[in-house]
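In case you want the letters, here they are:
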Amino acid sequence: AQSVTQLGSHVSVSEGALVLLRCNYSSSVPPYLFWYVQYPNQGLQLLLKYTSAATLVKGINGFEAEFKKSETSFHLTKPSAHMSDAAEYFCAVSVAGSEKLVFGKGTKLTVNP
Amino acid sequence: EAGVAQSPRYKIIEKRQSVAFWCNPISGHATLYWYQQILGQGPKLLIQFQNNGVVDDSQLPKDRFSAERLKGVDSTLKIQPAKLEDSAVYLCASSIRTAGSTEAFFGQGTRLTVV
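Quick mapping for you: the protein sequence lines, in order, are chains A and B. Reminder that position 53 of the first sequence reads as 53 in this note's numbering, one-by-one numbering, no gaps. Each number in this note's numbering corresponds to the 1-based position in the second sequence with 113 added.
A couple of the hints might just be wrong.
[Said to hold, decoys possible] Ranges between beta-carbon positions, derived for each pair: (1) A:K58 with B:V228: 38 to 46 Å; (2) A:A53 with B:S179: 18 to 26 Å; (3) B:S179 with A:T77: 18 to 26 Å; (4) A:A54 with B:V186: 32 to 40 Å; (5) A:A53 with B:K157: 26 to 34 Å; (6) A:K68 with B:Q193: 43 to 51 Å; (7) A:A53 with B:E127: 49 to 57 Å; (8) B:I125 with A:K108: 23 to 31 Å; (9) A:A17 with B:G166: 47 to 55 Å; (10) A:T77 with B:D187: 37 to 45 Å; (11) A:S3 with B:L152: 17 to 25 Å; (12) A:K108 with B:E198: 16 to 24 Å; (13) B:W135 with A:K105: 21 to 29 Å.
[Unchecked claim] Here are the computed lysine-lysine pairs in the DSS-like style, where the Cα-Cα straight-line distance is at most 25 Å: (14) A:K58 with A:K100; (15) B:K124 with B:K157; (16) A:K100 with A:K68; (17) B:K128 with B:K157; (18) B:K124 with A:K105; (19) B:K157 with A:K105; (20) B:K191 with A:K100; (21) A:K108 with B:K157; (22) A:K58 with A:K105; (23) B:K175 with A:K100; (24) B:K157 with B:K175; (25) A:K105 with A:K68; (26) A:K68 with A:K58; (27) B:K191 with B:K124; (28) A:K100 with B:K184; (29) B:K191 with B:K128; (30) A:K100 with B:K128; (31) A:K105 with B:K184; (32) A:K68 with A:K108; (33) A:K69 with A:K105.
[Unchecked claim] Among the chain A residues that face chain B by a calculated CB cut under 10 Å, a handful are: (34) V19; (35) V29; (36) Y32; (37) F34; (38) L44; (39) Q45; (40) F90.
Think of the hints as simulated: they come from the structure by calculation, not from any bench. Cβ atoms here follow ideal geometry from the backbone N, Cα and C, with glycine treated the same way.
Please work from the sequences and hints to get the whole structure.
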């Protein structure tokens with residue numbers, strides 16, 4: 001079975017600072033990994049995904065994530081935070097042949113002016 | 114391209130009442146999902162359809178929850194009778210498999226409050 005652990009339910013950064021949201025996964029087979037963003041009262045929007053191609057994945061809005069098999073991690077980063085990045089971020093895992101997504105508990109990002 | 118449509122957006126009911134949610138997926142998407150998102154948690158899959166067949170309903174509380182996907186297009190999720198712990202956002206998503214991966218597109222959700 002697959003699972004995801006997101007370290008830190010709340011992260012607060014200053015505008016212009018580095019954003020780092022942590023995600024570790026557990027999977028007995030090679031995983032597909034995803035980051036989704038959820039704005040208040042909205043559904044989830046895909047930021048980026050890893051599907052066994054390049055380990056460094058670039059997504060929308062300047063976000064990127066690096067798949068590190070040795071660390072079973074898929075941390076999300078952005079060099080410079082913007083006020084509009086304030087939202088909740090979810091890491092999710094699935095495996096080839098299954099379209100079921102297993103989500104972490106989410107990390108709420110606050111960006112301070 | 115139109116997104117995943119869900120209705121209603123908000124619903125308040127008393128415990129032991131029944132409620133139904135509707136979802137219209139993106140045209141051409143064969144797979145449809147219903148997720149339950151309790152406040153402070155990540156979404157949890159309730160049921161997954163492939164066309165009009167159920168692929169996974171292992172986490173659906175079948176004594177009170179039911180879902181169907183008419184003609185492999187839109188879907189209805191029902192709760193009868195509702196309990197206080199059913200208060201959550203119910204998200205519908207749809208997906209289509211492309212080369213190498215699947216991307217799920219989510220609706221805005223229905224926020225259910227059971228009082």
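(request) Enumerate the violated hints, using their earlier numbering and listing them in ascending order. (result) The structure breaks hints 2, 3, 30, 31, 34, 35; every other hint is satisfied.
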